[in-house]
Amino acid sequence: MKEDFLQISDLKKSFGSGEAKQDVLRGMDFTVKKGEFCVLLGPSGSGKSTLLNIIGGIDTPDSGYVSINGDKLEDMSEKQLTMYRRRHLGYVFQMYNLIPNLNVKENIEVGAYLSEKPLDVEEVIATLGLGEHKHKYPNQLSGGQQQRVSIGRAVVKNPDILMCDEPTGALDYKTSKEILALIEDCNNKFGSTVIMVTHNEAIKYMADHVIKLRDGVVRHNDINEKKIPAAELEW
Amino acid sequence: MKNPLIKRIPKELVAEWHKYAVIVIFMVLMIGVVSGMYVGHDSLMATINAGPEELNLEDGCFELKKKASQELLDDLSKGDMADVRSYFIDKGTKEADEEVAKAIEENLNEEVTKAIEDAVREQCLAFGITDEQMIREQTDAALEEKLEDALEEARGSEDFQKAVEEAYSEAHEEVVKAVDEEWDETAKRYELDEEGFVPVPIKIYEHFYREEAEDNDNDGNRDATVRIFKSDSAIDKAAFIEGRAPETDSEIAIDRMHASNAGAGIGDSISIGGRKYEIVGLLSYVNYLTLHESNTDLMFDSFGFDVAMLTPSGFDRLSSRVHYEYSYKYPEKTDDKIELADRGNRLLKALITQTLVHDNEIEDFLPEYLRQASNFAPSDIDGDSTTTAVLCYVLIAVIAFIFAITINNTIEKEASVIGTLRASGYSRSELVVHYMTMPVIVTLFGALLGNVLGYTAFRNLMMSLYYESYSLPPCGFVWSRTALVKTTIIPLILMFFINLIVIVKKLQLSPLRFLRHDLATKKRSKAMRLPSWSFLSRFRLRILFQNIPNYIVLAFGVIFIELMMCFAFGLPDSLNNYGDKASEMMFAEYQYMLMSSRDSDNEVIETSEETAERFSAKTLLFPRNNDAKKMRAFGSGKDESVTVYGIADDSSYVSLASEGTYISSAFSEKYGLGAGDGISLHEEYENKSYDFTIAGVVDYDGAVAVFMDRKSFGERFDMDEDEFSGYFSQNEIKDIDEEYIATVITSDDMAKVTVQLMHSFGSVIDVFKYVLVVLAAALIYLLAKIIIERNEHSISMVKILGFLNGEIGSLYIRPTAVVVTLFAVAGFAAGYGLMLYLFKVIMLSMDGYFRFFMKPVSMVLSVVYLLIGYALVSVIDYFRIKKIPMDVALKNVE
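Sequences listed follow chains A and B, in order. Here the first sequence is numbered in this note's numbering, starting from 1 and rising by one per residue. Here the second sequence is numbered in this note's numbering, starting from 236 and rising by one per residue.
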């Protein structure tokens, strides 16, 4: 039995004030176990990105808390939060967010530099199939290749949690499946906990844990007993 | 309907107010200073230009050794050359005739006497008389009786007449030959035998002056030399800034600038030539806008030199010698320099020839257009405004490039918006106009505000700078159209075109490429491979490569600022260096130039001072090359004045290694001359030139000088062995009557350049240094801001990834820090080199020599000041990086 790694407790967050006040998270509770592939599923405005930002320590809740391995993020100073992200998190974004003036290898090194236990950069490049592109700049790559680099930058840190925010949102069907397979591989191979935000219902079938959100609350919190490999997903 | 995009402009101004504030302040200051200079310049020039008419400025002057006879003045007024050849032939013939007549008479007397003596002796011998005593007595008697008749008879003979004619004719031929030889050479040198010489009629005015010792504080010590003119002078009159002209013999009016430096004012009393005078007026002579004592002086000296006005009877009471200066004016006015030079040359020929035939000598000749005292100030004021304007334009061009880079960045950032607008039907020109609006508005605003300041505060500031240095007349206010045009139109044009080119080029791309963010004009196949340095070093290197265009603009800015720094530090350093070395630049503590080596009793002037040592000296001219002559902005415009010294053997003041001609290190450096080179020096108003081969260089920076031993000097310049020009002495010489002393030079005189320039620029230079720091900081601020804005997304991203602010700072600030440091050092080297070159070019056109010098500590400070400016910016940058939110990277921008 895997132990609880990430705990979300009565998390609330709103934006604006007065009549314009909008409650984005309205008391959210769930836990994620170590090494789990967790998918946060929900439509636009369900609060999934806000939740991811709070888990990532780049936003703060109005109330409730997030605890990782027993450490509450609310107790941490700004510097400690930075160190938390540095040591424990890897990020994959929908729009890749690569550094435009660094080449592929250097973008992956950005992740390696931050980690105390980085993976071998060349090995990650090879795993991601980026060997022949490693000296290219991001703007010389296709969207799928850029997302691979983004994954490389995240996994090379060997992070405890891999945060993926709509990683296939900007990709075509075929490339999306390749990217999902890569994330799946990383989860299996390196044992990182994966938290993936998506609105793509099909992705839930490859996850261990599916949390469905709507209007700022958890609607369903299911453990997927029969997960299927990413390569077999259809949508 | 108006283009809705226009609404972005005020919002952009508010959002980026600090950036635009820096740019506007920068522009307002630059344009304000230049506008102030132009307005000040136009006001001053209007006053200066009105002077010649109102105050009857001469067209030139000449000084004669003695008072000119009325005949000489009449002949000079006609402006024609005297027939020197005929004059000398007549004179020579007359002298020859006298000599021939004397020789013939002596010869005839001798011949006839001998004939009588022989005849008497023959007769005596025929009579058997052999006693010599008797023969002598007979001879004397015969001579007394017959000599006159015999001489008369001989004179009447045909042979004698023929012989006399031949002797005269031969003598006359000799005279003509000798005069012709001398004339040919002189005529060739001064081009006196030109065909069709056109006379230059002039109106001549007496403009005599005396020079006296001035004692400002009545403590018995000489404080300055004062040149005194009469109050009734019809030429070169004075404008009164305060007070009036003297009316009694005990009243005096003196130069305003000198009075200010001496701390004297109306009502104070000063001593002139041992007498006390009350100052009743502070004036500015139209031909002494700067107090140049001599036209060959390197710099004017409003501390040690003064010009003053006394009543005619007050003038006559003085005892110092009168300088017989005559001023002249041409009946027809011209401003054409070529015509003026031509008139000057013709007049000089007339002057040379007329003084020769009227038995006088030229001491000095100076056409007005070459006079430093009246031309230095206007040409300096002109030069200053031009230089400042050029500097302003360079800076505005730099700002324009900064603007262009910023807009380039904005276009990249807004690529998808631009793509959408273009796809929706917005034309390229509409977008060009949109992006051009901001730089044009900012420039217009900066120019207008700058001009308002230029016409008010800066104008007064600029004028006060000039009034602190020059003896200018009272000045009114003139509206300057030049200022408005040059400080508004030119900056606008610069800003407009530089931005237009960049923006048009950028917006050439198709809407699709904007939508795809595909804005690179050149496709990169692969990234440049970097050496296997640490990851962070490679990261920084990439940032550096990414921002090369910014750094190129920065390089220009830094070189420009370092050049200014070199000026700001180098000028006072050079002045102080000159001042510090002034005593070393003296051969002796005192250098006495005597009027003549003999006194009125024809006795050699001696002194009991033990350290005194005789020397000989002579001033000759060294021809400048043509390039230097073209630069007439400074200096007398004439050939370089060189002092040739004859030094005593085993001199304790100047040591010459061996026999031969040596030159001073100043001479050597200024003209690039060294041992083995040949130089030719010539007299100013005589047809003589002297060739020398340089044997070596004497370490002496004080003047452009030539040295040789006194014996060689005497041989070369045809001087007697006991003739000399003055004394070098370690102590003051007290036993030589003042009337025999022409000048005394002490180290204070050498340092007067320093004192004057430090007084004129000292306080401004310090302010200038701090302005440069602010300027440097502003430039770097604007460029560094672009670098950080450009990388805002990446910075936000690495923050999310877990980079600390310090690490991000080191990634994004350090490359700029390294570049700024390297540029500061390289910029300093470039600026220093440029300054050395500029200084040398200016020096070549000036008289004398002044070395550009920077103390090592100033060199370091020139770089450090700029780095201090940068340090301020990097602190701002650090906080700017810290403030970049992480959600920048989280926003879903394509």
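I should point out that these hints are in silico values taken from the structure, not numbers from a laboratory. All values derive from a computational prediction rather than experimental measurement. Among these hints, one or two may not hold up.
Calculated pairs, PhoX-like style, for lysine-lysine (alpha carbon to alpha carbon, straight line, at most 25 Å) [stated by the list, open to error]:
{"hint": "1", "chain 1": "A", "residue 1": "K12", "chain 2": "A", "residue 2": "K72"}
{"hint": "2", "chain 1": "A", "residue 1": "K117", "chain 2": "A", "residue 2": "K33"}
{"hint": "3", "chain 1": "B", "residue 1": "K1118", "chain 2": "A", "residue 2": "K79"}
{"hint": "4", "chain 1": "A", "residue 1": "K212", "chain 2": "A", "residue 2": "K227"}
{"hint": "5", "chain 1": "A", "residue 1": "K136", "chain 2": "B", "residue 2": "K1117"}
{"hint": "6", "chain 1": "B", "residue 1": "K648", "chain 2": "B", "residue 2": "K313"}
{"hint": "7", "chain 1": "B", "residue 1": "K1117", "chain 2": "B", "residue 2": "K246"}
{"hint": "8", "chain 1": "B", "residue 1": "K1117", "chain 2": "A", "residue 2": "K79"}
{"hint": "9", "chain 1": "B", "residue 1": "K572", "chain 2": "B", "residue 2": "K313"}
Status of the hints after comparison with the structure:
1. Restraint check: the Cα-Cα separation between K12 (chain A) and K72 (chain A) comes to about 15 Å, which is no more than 25 Å; the hinted pair holds.
2. Distance hint between K117 (chain A) and K33 (chain A) is fulfilled; the C-alpha atoms sit about 21 Å from each other, no more than 25 Å.
3. Simply put, K1118 (chain B) and K79 (chain A) have alpha-carbon atoms about 14 Å apart, close enough for the 25 Å limit, and the pair holds.
4. Pair hint K212 (chain A) plus K227 (chain A) holds up; C-alpha atoms about 16 Å apart against a cutoff of 25 Å.
5. Simply put, K136 (chain A) and K1117 (chain B) have alpha-carbon atoms about 30 Å apart, too far for the 25 Å limit, and the pair is violated.
6. This hinted pair does not check out: K648 (chain B) and K313 (chain B) have alpha carbons roughly 81 Å apart, beyond 25 Å.
7. The hinted pair formed by K1117 (chain B) and K246 (chain B) meets the criterion: a straight-line CA distance of about 24 Å does not exceed 25 Å.
8. For a cut-off of 25 Å, the pair hint linking K1117 (chain B) to K79 (chain A) stands: about 12 Å separates their Cα positions.
9. A distance of roughly 22 Å separates the Cα atoms of K572 (chain B) and K313 (chain B); the hinted pair therefore holds under the 25 Å criterion.
Violated hints, in rising order: 5, 6; the structure is consistent with all others.
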